[in-house]
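Please model the entire structure based on the sequences and the hints provided.
Listed in order, the protein sequences are those of chains W and C. Here the first sequence is numbered in my numbering, starting from 1 and rising by one per residue. Here the second sequence is numbered in my numbering, starting from 1001 and rising by one per residue.
Warning: the hint list may mix true and false statements.
Claimed, not checked - A short list of chain W residues far from chain C (calculated; beta carbon distances all over 10 Å): (1) V136; (2) V174; (3) V326; (4) P330.
As the list claims (entries may be wrong) - With beta-carbon atoms standing in for the labels, derived distance ranges: (5) E1280(C) - P115(W): 58 to 66 Å; (6) P324(W) - R1178(C): 42 to 50 Å; (7) P8(W) - T1362(C): 41 to 49 Å; (8) T1216(C) - R123(W): 45 to 53 Å; (9) P1138(C) - G130(W): 49 to 57 Å; (10) D1175(C) - R65(W): 38 to 46 Å; (11) D1175(C) - A246(W): 45 to 53 Å; (12) T1362(C) - R123(W): 51 to 59 Å.
Keep in mind the hints are simulated off the structure, nothing from the lab. We treat Cβ as the ideally placed atom computed from N, Cα and C, and that holds for glycine.
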Amino acid sequence: MAEPTPPPASEWTAFTRRYLAADGRVIDTANNGVSHSEGQGYAMFFAAFFRDKPRFDRLWGWTDRNLGRREDALFAWRFDPRDRVTPVADFNNATDGDIFIAWALLMAHEAWGNPAHFSAAQRITRDLLGSCIVQVGQRTVLLPGAAGFQDAAGTVINLSYYAFPALRALSHLVPDRRWALLERDGIALIQTAKFGRWHLPPDWLLLQNNSGPPIPAPQRPARFSWDALRIPLNLAWNHLDVSRFAAERLFWDDVVHAHRPPAWVDLRTDETPPYRGHAGVQAVHALLRQRSGASVGQYLRVAQAPDYFGASLVLQSRIAGHMPAVEPAPSPTTAAAAPQEAGFATWIASMASDAIENTLEWLGLGQPEPEPPHPTGLPWARPDIGNAAYVRGMQPGPRGLPVRR
Amino acid sequence: MITASRRAVLALPLAIPLALPMALRSERSSAQPAALRMLRIVIAAQEPLDLAPLLGEFAQSNQDLLLQVTLRQEDPAWVGGAFRQEQLEGGASQVDVVITGTVGLMLGQARHLWQPLPSGLLAASDGRLNFAGRQMRPLTNETAVIIASEPGGPLLLHRPSIVRNPPRSAAALLDYARENPDSFMYPRPVDSSLGHQFVTLVPHLLKDTDPTEPATGWVRTWPFLAELGRYIPYYAASGGAALEEFAEGGVRLLPAPLGIYLHHHMEGLLPPDTSFSLFEDAPLIAHGLFLTVPLNVPAERLPLIEALGAFLLTPDIQTRGFGRGLLRGDREFSVSNFDLISTEDRDDFRRALPPSAARRLTALPVAPPLGPVQFDAMLRRWMETIGAVHRPPD
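The structure is reproduced here in structure tokens:
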């Protein structure tokens, strides 16, 4: 098989013409033209990757001015240009956006040597560590936002927010023993959180306080869809073993699908929609096939995606297929002290235990680890928390797209 | 005599993509505190204006009043975003003057960001308004000085070698789009004057029940835009992106304001044989450049701003800064200041706008843009019902 090639600059041009406003705002075209910290982070990452400094500066300038939070270095998750009074109605952050913004700033510093980019990346990373990487029972986990994801029932996490290569890069920026634990526990959770006929992870996962196993978050649709789609992307991007994303490949390759690959699947009923997943789904699927040594044919193009999210996945998949692995986080023993003590021997033992657990799980014999109770009980910060699609600003359905043909 | 650059001579809202900070240190003493002798100007127009040299002249000639002038370029959307946030937070304004186009004016008005201007300044502008300016005067709501105006557009850009018979009506445009999918586009109206001018024109083309009321009077327009959208490859995120797509041959038809067309044509940014057609039986939508003052600017600063407004309205600055010498007042496109530009530029200009085309333009009526509330309603509905609709995956 031919070596993966990086996306040409024309793909970035295609992205900017469709989704990047002149002022540096990334337009979520499928969702009434709103913007997200996630989209800003993605586009900043692309601009740094393609060495497009003018656009990077505009993107970062808009993001910092419009989404920056007063209390820390993180970013409000959503901007609605239709709201003439309060375009940023909710100042909670979204860690997937923060992570990509910090990673992009780090890449920008490496490309252009601006110390301001480096220090901004450092500040964001420190605040991510301080506010969003927490201990839940025996696990180190990434909260989807600084507030609103923990209550009496447990902790809701989004495994697709674990952008492993980005987390690894940030771990070298602000060394801390929690980075390695976060990756270890995140991958273990991905291997544990298998639901439905195809053993897939859900978009949103509840780590229960009642000692029960992780379950799809009850307030949201139990789906493997637009969020969880990024889980295999992140694993493949991190150059992890093919077996880590075998379930997704089996799902997308399953001959039972009339429309391949499906856009999503309900993990309770195994129902799939009557329409095919868009170019973003297909691009991730192609990346997994590529990593498995299969032929993938022609690369998907940005112009084939119906919206900014799909186009972002097309570009990310292309970059992921080409980008070398990022150096893993420093081991817990060599990194700076973290609140929780965890010796190297414990870490090794834990890794071994995970490996055994994963193998058992792979064979269908594993038992989910019981969760200890969690003391916190914060209210939901986002009014639309009950709808997974809305959390990232999406309408229900195929990312809110009224079908026109 | 000072010779105007080719860019400066071009029609109003266009020119050079630079924003320059500049500082002038007066040797002479002034009774005014230093803070009152600073003027912070933001140009929030989609097409950057090269006003720095002119403002430098203004500062030089007003050294008693001015210690420093700063000039910054922003996109029109800045008015509704970061600028609005700054104004909401109160405190001392960081901006004294905003020079903006129709989009910025409307975004600011809808959010009550501009303060009423002194009657003397408004009167100075009123005395110089051309036909398009007079159409827009009621929309300023006493909060803006019209410092430049033009008939606007949209023109329908095309290359005659590729599109021999360009559409001249809404029905013909839809037919063309159906027969040639992905050959026509317009950019997102919230992010581009090309886009909002085209969308504003459609109810006029369709003789809709009330072209000035998008919420209630566009009963034919919204279905038309939805149907047209089925054949549009994508809505470009900026006017610049749409113009690039046209220049590269990605689309064959593109609506654009007169000024943008002239600027891009004379700068060589369009294929040399690019021409334009006009819609029949429909007006041109006026386009303007406005001087506004943020609500939080204290009254003590207004004399300085008045002086700036008067300076920008002088005939010499109008010609050199905004092209009024070429696309001058009223409805004529006579070229009264060709002695200001080189022979080469003169020829370029005639190629871009031949006298016959100028005569056709002058024959068309001019309609004002939407009012601020209506403009906001149009943008919202477009984003929710037109811009969010995409073809499903292939």
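| task | Could you check that no beta carbon of chain C comes within 10 Å of the beta carbon of V136(W)? | result | 35 Å, holds
| said: Within 58 to 66 Å: is that where the Cβ-Cβ distance between E1280(C) and P115(W) falls? | reply: 59 Å, holds
| query | At the C-beta level, are P324(W) and R1178(C) separated by a distance inside 42 to 50 Å? | reply | 48 Å, holds
| query | Between T1362(C) and R123(W), is the Cβ distance one that fits in 51 to 59 Å? | reply | With Cβ atoms ~58 Å apart, the hint holds.
| Is the Cβ of V326(W) more than 10 Å away from each Cβ in chain C? | 30 Å, holds
| query | Lying within 38 to 46 Å: is that true of the beta-carbon distance D1175(C) to R65(W)? | reply | 44 Å, holds
| Status of the stated non-contact between P330(W) and chain C (beta carbon gap over 10 Å) | 38 Å, holds
| task | State, for the Cβ atoms of D1175(C) and A246(W), whether the hinted interval 45 to 53 Å holds or is violated. | result | Distance hint for D1175(C), A246(W) holds at roughly 52 Å.
| request: Hint says 41 to 49 Å; check whether the CB-CB distance for P8(W) and T1362(C) agrees. | output: 46 Å, holds
| field | Range hint 49 to 57 Å (beta carbons of P1138(C) and G130(W)) holds or violated | value | 54 Å, holds
| said: Would the non-interface assignment of V174(W) survive a Cβ cutoff of 10 Å against chain C? | reply: 29 Å, holds
| Satisfaction of the hinted span 45 to 53 Å by the C-beta atoms belonging to T1216(C) and R123(W) | 49 Å, holds
Violation of the numbered hints given earlier is absent; every hint is satisfied by the structure.
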